[in-house]
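If you're matching them up, the sequences are chains G and S in order.
Note that the first sequence covers residues 1 to 230 in this note's numbering.
Note that the second sequence covers residues 1 to 274 in this note's numbering.
Incorrect hints may appear among the rest.
[To be verified] Facing chain G, from chain S, some residues (calculated, C-beta under 10 Å):
| # | residue |
| --- | --- |
| 1 | E6 |
| 2 | D10 |
| 3 | A47 |
| 4 | N52 |
| 5 | K55 |
| 6 | W91 |
| 7 | S104 |
| 8 | I116 |
| 9 | K117 |
| 10 | F118 |
| 11 | P119 |
| 12 | H230 |
| 13 | G237 |
[Stated by the list, open to error] Each pair of labels, with its calculated beta carbon distance range:
| # | chain 1 | residue 1 | chain 2 | residue 2 | range |
| --- | --- | --- | --- | --- | --- |
| 14 | G | H105 | S | S207 | 44 to 50 Å |
| 15 | G | K147 | S | D57 | 19 to 25 Å |
| 16 | S | S77 | G | G158 | 52 to 58 Å |
| 17 | G | K147 | S | T4 | 27 to 33 Å |
Since the hints were made in silico from the structure, they are not lab data.
For each residue, glycine too, the CB sits at the ideal point set by N, CA and C.
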Amino acid sequence: MHLQRAFTVPKAADIPNEDRYAREGDTFALSDGATISYDSALWAQIICARYVQSPHVTSDWLDGCILEFNTRHDRATMPWHKEAAYDRGSFASLLGVTLTGTAIHIDAIGDSLAVLCDGDAPKDSFSYREVEQFDQAPMLLCTDHAKNPIFEDGVLAGEWMHDWSLEQLQSPRLLCMTDALGQWLLSRKGNDSTEKLFSLETKEAFDQFVHDEREAGRLKRDDTTLLVFW
Amino acid sequence: MTYTGEISRDHPTCFLFVIDQSGSMDEKMGSRSKADFVADVLNKTLATLVANCTKADGVRSYFDIGVIAYGGNGVISGLSGDLIQPISKIWERPLRVEERTKKSDDGAGGIIDQRIKFPVWFDPTSSGGTPMCAALTKAAEAVVEWCDAHPASYPPTILHVTDGQSTDGNPEHIADGIRQISTQDGTCLLFNLHVTTSEGREVLFPSSEQGLADEYSRMLFRMSSELPSHVGRFASGKGYTVGDGARGFIFNGDPKCIVDFFEIGTRPRLISER
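Bound conformation, chain G alone (with noise of 0.2 Å):
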C-alpha cells in the first residue's frame, strides 16, 4: 500500500491552512490545527514532522513537541492579546499511519478519520465509527502539557491506537482524512461516498467537490485534506 494522492484546502481563500501532512517512508502523519487557538499552524507542522521522525507518541515526545513550539516563540515581548492566546495553548489533531505490508497501525489523538476500505467499500473507522461522535468536543494535542491526558505510564493509552490486519482483504485501500471530509463522510451510508473520493484524481477534481458540497450545506466550511492510499 503507497500513498497515492493528498490534497487539501483551507477554509476560505483568504485564510491560511492549518492542517499539515508529512511522510517519512511508510509512516505518515496528518494533524488539523485548531481554528481559535494560536498559531496552531506551526503547532500542527511541529506534531507532523517529529511524529514522521519518530512515530512513538510518549510524554517525552511530546514535551519535545512544545518544547519546540515554545522555542519558536517569546511570550515576555508578546503584545496582552497575544500572550492571552499563547497561554490558552494551540490544539491540533494526530492521525498517524504506519504501513507494515500486511497492518496498518493508527496512532489518533482528536477527530481526523482513517477508514478502512475493500476496495470502495467501507469497512471500519478510526477513531470515530459514528458521525455524531464528531459533535463532542474532541481531545486534542495541546502546547500546554496539563492539558494531554492521554497517556498512562509516559506512553500513549491503548484508546487512541488501533491496527488493521490487511490479510483478508481483496483490495486494501485506506483514506485519511481531518474532521470536515470525516464527518461528510460517516453521515452517508453505503459505498457512495467512499467511491466518490477515490474517484478524485486531480486537485482541480477535489477543489471543485469541496466547493459543490460546500455551497449545497454538505460539507462544514473547515480546513479539508484528504490522503488516499492503495
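Following the hints, complete the assembly by docking chain S onto the known chain G.
For chain S alone, coordinates are given in the frame of chain G:
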C-alpha cells in the same frame, strides 16, 4: 434550522452586554462589591473573546461586541467608541492593561505564580436607580441596526446582568420585542442574570415559572430566551441541570454563577472552532 450559522469574518455574530450599575451593586459579595466582581468577569470575558480570535498574524473579526451600562449616570456605552464594535477594534482600546498573577501548572507537578497581563475596558461604578427599560430599549435599537446589517449571521446574544427591579417601568414588553428581532438564523437571544448577596435559593436555567418565588423572578423568566440546544449542552457539560425549554436565566446567582453565565452565554463560538 436556527442557530446553526457559521461564524466567520464574513458572518460575525454579536455579543451585547447590558450591565446594571445602580447603587445596590455596591453591596459586598465576600470581600468585593457585586459591581467589582461583575466588571472583573466582564473584562475577563472580553479578553477571552479576543484571545479566541487572536492568531499569530492578528485578530480576526469573528465577533462584534457592545457594552451598555445603566444606573445613576443614565444609560451609557461601557466602551469607548461606537456602541457595537468589531473585536479587532476592541482589543486595541482597553482603558489600561494591569499586571496580575495567577497560579499555573509548572509542568512538573508543581504550581507557580505566573505574571499575566489583564486588560481592563470596563470599570465598576454603582449609584442611583435602575433604568432597565431605557437600557433594554437602547439594546433593542442597537441589535435592530446590527441585524439589518448582518442578515445572514448567527443572531445577537444579549447578556443582561442586574441585581434589582427596574425603576423606570415594566421592561417585559421591551424584552419581548428584543426576542423578536432576528436574522435569517434565528431570533435574538436575551439571557438574564440576577445577582444577589442574600441567602435566597438559586434558580438555574429553569424550564417553567413553577417554583419561582415571586412575580419579579417570574417576569425575568418570561423575559429570557430558551437556550439553543448547543448552548444547553454546554451548560449541561458544566454540571447544570438543563431540561427541555430551559431559559437563559439565573436568579439569585452567586459569584460562580456570574462566571458560568458569561461563559455559557458567549458559547456561540466559531462553528469550526476546533
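So, going through the hints one by one against the coordinates:
1. E6: With a minimum Cβ separation of about 6 Å from chain G (threshold 10 Å), the hint on E6(S) holds.
2. D10: Because about 8 Å separates D10(S) from the closest Cβ in chain G, which is inside the 10 Å limit, the hint holds.
3. A47: holds, 6 Å
4. N52: holds, 5 Å
5. K55: Result: holds, 7 Å to nearest chain G Cβ.
6. W91: holds, 5 Å
7. S104: Constraint on S104(S) satisfied, holds at 8 Å.
8. I116: holds, 7 Å
9. K117: holds, 4 Å
10. F118: holds, 8 Å
11. P119: holds, 5 Å
12. H230: For H230(S), the interface hint holds, since the closest Cβ of chain G sits about 9 Å away, which is under 10 Å.
13. G237: Constraint on G237(S) satisfied, holds at 8 Å.
14. H105(G) / S207(S): 44 to 50 Å: holds, 48 Å
15. K147(G) / D57(S): 19 to 25 Å: holds, 24 Å
16. S77(S) / G158(G): 52 to 58 Å: holds, 55 Å
17. K147(G) / T4(S): 27 to 33 Å: holds, 28 Å
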